[in-house]
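Participant: Residues per chain are reported as follows:
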Amino acid sequence: MRLNKILKNTLLVLTACLVLSACATKKEVATDIQGQMQGDVYTGTDTVEYLADGVPDRVFFATNESILTTASRETLRAQAAWLRKNPSINVVLEGHADERGTREYNLALGERRANAAKDYLMTYGISSDRITVLSYGKERPVDSGSNPLAWSKNRRSVTVKAN
Amino acid sequence: MTKKILILLFILIPIKANALIEVDITRGNLNPLPLAVSPLSIDEESRKGFEKILKKENIGSEISNIVENNLRTSGLFNPLDKKAFLQAPDIANLKPRFEDWNLIKAQALITGKVNYVDDKLRVEFRLWDVLAAKEMMALAFTTVPNNWRRVGHIISDKVYERLTGEKGYFDTRIIYVSEEGPKTQRIKKLAIMDQDGANNKFLTLGNELVLTPRFNPASQMVTYLSYFKNMPRVYLLDIETGTQEVVGDFPGMTFAPRFSPDGKKIIMSFAKDGKSDIYTMDLENRIVEKITNHPSIDTSPSYSPDGKYITFNSDRSGYQQIYVMKNDGSDVKRISFGNGLYGTPVWSPRGDLIAFTKLHKGKFYIGVMRTDGSGERLLTENYYQEAPSWSPNGRVLIFYRETKTNSKGEGFSAKLWSIDLTGYNERQIKTPTDASDPSWSSLLSN
Numbered sequence: 008m009r010l011n012k013i014l015k016n017t018l019l020v021l022t023a024c025l026v027l028s029a030c031a032t033k034k035e036v037a038t039d040i041q042g043q044m045q046g047d048v049y050t051g052t053d054t055v056e057y058l059a060d061g062v063p064d065r066v067f068f069a070t071n072e073s074i075l076t077t078a079s080r081e082t083l084r085a086q087a088a089w090l091r092k093n094p095s096i097n098v099v100l101e102g103h104a105d106e107r108g109t110r111e112y113n114l115a116l117g118e119r120r121a122n123a124a125k126d127y128l129m130t131y132g133i134s135s136d137r138i139t140v141l142s143y144g145k146e147r148p149v150d151s152g153s154n155p156l157a158w159s160k161n162r163r164s165v166t167v168k169a170n
Numbered sequence: 111m112t113k114k115i116l117i118l119l120f121i122l123i124p125i126k127a128n129a130l131i132e133v134d135i136t137r138g139n140l141n142p143l144p145l146a147v148s149p150l151s152i153d154e155e156s157r158k159g160f161e162k163i164l165k166k167e168n169i170g171s172e173i174s175n176i177v178e179n180n181l182r183t184s185g186l187f188n189p190l191d192k193k194a195f196l197q198a199p200d201i202a203n204l205k206p207r208f209e210d211w212n213l214i215k216a217q218a219l220i221t222g223k224v225n226y227v228d229d230k231l232r233v234e235f236r237l238w239d240v241l242a243a244k245e246m247m248a249l250a251f252t253t254v255p256n257n258w259r260r261v262g263h264i265i266s267d268k269v270y271e272r273l274t275g276e277k278g279y280f281d282t283r284i285i286y287v288s289e290e291g292p293k294t295q296r297i298k299k300l301a302i303m304d305q306d307g308a309n310n311k312f313l314t315l316g317n318e319l320v321l322t323p324r325f326n327p328a329s330q331m332v333t334y335l336s337y338f339k340n341m342p343r344v345y346l347l348d349i350e351t352g353t354q355e356v357v358g359d360f361p362g363m364t365f366a367p368r369f370s371p372d373g374k375k376i377i378m379s380f381a382k383d384g385k386s387d388i389y390t391m392d393l394e395n396r397i398v399e400k401i402t403n404h405p406s407i408d409t410s411p412s413y414s415p416d417g418k419y420i421t422f423n424s425d426r427s428g429y430q431q432i433y434v435m436k437n438d439g440s441d442v443k444r445i446s447f448g449n450g451l452y453g454t455p456v457w458s459p460r461g462d463l464i465a466f467t468k469l470h471k472g473k474f475y476i477g478v479m480r481t482d483g484s485g486e487r488l489l490t491e492n493y494y495q496e497a498p499s500w501s502p503n504g505r506v507l508i509f510y511r512e513t514k515t516n517s518k519g520e521g522f523s524a525k526l527w528s529i530d531l532t533g534y535n536e537r538q539i540k541t542p543t544d545a546s547d548p549s550w551s552s553l554l555s556n
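Quick mapping for you: the protein sequence lines, in order, are chains H and E.
So in our numbering, spot 97 of the first sequence is number 104, and the numbers just go up one at a time.
So in our numbering, spot 394 of the second sequence is number 504, and the numbers just go up one at a time.
Think of the hints as simulated: they come from the structure by calculation, not from any bench.
Any given hint could be a false lead.
Said to hold, decoys possible - Below, in silico cross-link-like pairs of lysine to any residue (SDA-like), each with a Cα-Cα straight-line distance of 25 Å or less:
hint : chain 1 : residue 1 : chain 2 : residue 2
1    : E       : Lys339    : E       : Ala328
2    : E       : Lys471    : H       : Lys168
3    : E       : Lys385    : H       : Ala69
4    : H       : Lys168    : E       : Gln295
5    : E       : Lys277    : E       : Lys385
6    : E       : Lys339    : H       : Pro155
7    : E       : Lys471    : E       : Phe447
8    : E       : Lys471    : H       : Ser151
9    : E       : Lys382    : H       : Ser151
10   : E       : Lys443    : E       : Gly483
11   : E       : Lys471    : H       : Pro155
12   : E       : Lys514    : E       : Gly483
13   : E       : Lys244    : E       : Leu213
14   : H       : Lys92     : H       : Tyr127
Make a model of the complete structure from these sequences and hints.
Facilitator: Below, the structure is given as structure tokens:
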């Protein structure tokens with residue numbers, strides 16, 4: 008009985024080791040991505056363009072979400088400040104989704120994401136007259152990859168000058 | 111899913127005169143019915159007449175090729191090799207020597223004749239039960255020569271109907287979105303083709319993004335989403351005249367359009383302030399009605415064939431799921447409760463099932479469930495596929511599938527596929543370019 012139990016435990020430990028080592032190799036791949044993602048929200052900069060010095064043009068979202076992260080709110084506050092300084096500029100907020108969803112739902116999700124950004128700009132004093140929302144759903148990815156990092160870059164709302 | 115076959119041969123005593131061969135299409139068919147499609151016979155004068163107008167050497171053979179191809183792709187029939195035929199087409203059409211056809215194991219035989227009469231194409235065809243040595247059906251029609259492909263489709267529909275007891279789906283068209291160019295800058299055009307891929311035609315030029323075309327079940331009208339002037343709106347297009355108009359006057363994106371079963375209304379979503387609700391517009395009096403009112407995303411609506419109910423997907427539970435409600439928006443009930451996300455519900459033209467797309471653990475499925483959500487059955491699994499559309503007889507689903515790209519982001523493609531309700535007979539439908547968002551028309555003739 009006892010021996011049996013010991014054997015069983017050894018086996019368990021062995022299996023655990025195997026699982027862990029599998030994890031370890033996986034983790035190495037993941038660290039590459041890690042620098043550019045938090046949870047599944049993109050935090051890197053390779054796709055980001057700038058509306059002005061220190062004013063990134065886009066914010067990123069988690070899968071199926073339209074909640075603004077702390078970083079996104081910071082970006083949008085910078086955009087709001089820039090828009091207040093440039094009262095003649097109007098913008099289009101282009102909302103996007105990744106490819107892992109049905110087309111029609113993604114159109115709605117893109118609209119919801121762009122609206123989250125719009126609402127935030129409005130709370131920082133930007134008039135809704137200056138903002139147009141346009142959803143592209145999953146129709147205009149920036150990264151054509153079929154992997155989590157590519158998808159995270161594609162889940163975005165991009166602020167584009169309209170005039 | 112039972113992997114059973116199912117050609118049933120009923121020999122009935124001649125009370126019900128002709129019902130001899132019958133094909134059961136309700137289950138997967140691993141043993142298609144062997145039949146012989148004898149080329150339609152044609153006299154030399156008629157042959158030359160048609161060769162001049164249609165540039166086809168032998169229009170009789172061309173028409174029977176269409177019939178043969180349709181019956182084969184249905185998965186229910188196995189058209190036998192013509193080389194094995196012992197009887198000449200003209201004689202077979204008069205009076206088949208059933209022993210000869212029996213010898214090559216044909217259980218049914220199609221024969222016929224084509225004539226050139228007063229600049230018209232006259233076709234007669236017969237369907238024979240080989241084992242019972244009887245004629246099952248004989249029909250003749252006359253049409254303009256240019257309709258020759260449709261003649262092939264109509265014959266196929268008649269044979270299918272006679273042998274399965276249900277209407278066919280061959281004299282139909284598919285409208286879809288043609289796709290070209292890199293994934294990040296796809297150029298999309300509306301395109302239309304016959305159900306078998308012939309007569310492909312582009313309906314828009316690709317200057318603006320177009321999505322989700324759907325046929326009116328009652329006419330040759332189409333509704334779709336266009337980004338004309340960068341404003342995503344639902345449009346109505348008459349494919350005969352080419353005229354189009356925007357549907358309704360909404361201050362924002364309208365999308366996910368479909369017709370009501372009588373073709374008199376369009377049902378669609380309107381997105382505003384981060385929420386999407388379902389609306390209808392009456393095409394005669396232009397009255398717009400709001401059907402759902404919820405802070406969630408409500409989209410992909412589809413009517414039941416009697417028009418009394420609407421199925422749609424909503425994330426009001428937190429995730430995308432399928433719901434059914436009355437056509438006035440009351441009595442909303444969630445029907446999908448399996449693991450994963452559910453979208454794009456489409457009510458079967460037969461009324462008893464709803465087809466859907468399901469996303470679970472990183473895989474996409476096309477499936478069907480009963481209209482109360484019970485009896486979920488997944489027909490096919492893939493990296494990405496969605497948007498099922500029913501054949502008019504509710505026996506086949508067409509959808510599109512996208513491939514995974516490689517580590518460099520290359521190798522993307524989108525193609526149309528079809529699968530039988532049984533989960534069998536999955537096949538790719540060839541298109542000149544990549545393709546997505548297919549919608550199947552009603553039968554053009556009845």
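Participant: Keeping to a limit of 25 Å between CA atoms, is the pair of lysine 277 of chain E and lysine 385 of chain E held or broken?
Facilitator: violated (41 Å)
Participant: Starting from lysine 471 of chain E, check that the Cα of serine 151 of chain H is at most 25 Å away, please.
Facilitator: Cα-Cα ~21 Å, so holds.
Participant: Tell me if the straight-line CA distance from lysine 382 of chain E to serine 151 of chain H falls inside 25 Å.
Facilitator: Distance of about 29 Å is beyond 25 Å: violated.
Participant: Is it true that the CA of lysine 514 of chain E sits at most 25 Å from the CA of glycine 483 of chain E?
Facilitator: violated (30 Å)
Participant: Keeping to a limit of 25 Å between CA atoms, is the pair of lysine 339 of chain E and proline 155 of chain H held or broken?
Facilitator: Distance ~32 Å between lysine 339 of chain E and proline 155 of chain H Cα, so the pair is violated.
Participant: Holds or violated: are the alpha carbons of lysine 471 of chain E and phenylalanine 447 of chain E at most 25 Å from each other?
Facilitator: Roughly 15 Å separates the two Cα atoms, so the pair holds.
Participant: Is the Cα-Cα distance between lysine 92 of chain H and tyrosine 127 of chain H 25 Å or less?
Facilitator: holds (17 Å)
Participant: With the threshold set at 25 Å, check whether the alpha-carbon distance from lysine 471 of chain E to lysine 168 of chain H stays at or below it.
Facilitator: violated (39 Å)
Participant: Hey, lysine 244 of chain E versus leucine 213 of chain E, does the alpha-carbon distance stay inside 25 Å?
Facilitator: Distance of about 16 Å is within 25 Å: holds.
Participant: What's the verdict on lysine 471 of chain E and proline 155 of chain H, does the C-alpha distance respect the 25 Å limit or exceed it?
Facilitator: It holds: about 14 Å lies between the C-alpha atoms, which stays within 25 Å.
Participant: Could you grab the alpha-carbon distance between lysine 339 of chain E and alanine 328 of chain E and see if it respects the 25 Å cut-off?
Facilitator: Violated: lysine 339 of chain E and alanine 328 of chain E sit about 30 Å apart, past 25 Å.
Participant: Would you check the hint for lysine 443 of chain E and glycine 483 of chain E, treating anything up to 25 Å between C-alpha atoms as holding?
Facilitator: Status holds; Cα separation ~10 Å.
Hints 1, 2, 5, 6, 9, 12, counting from the list given before, are not met by this structure.
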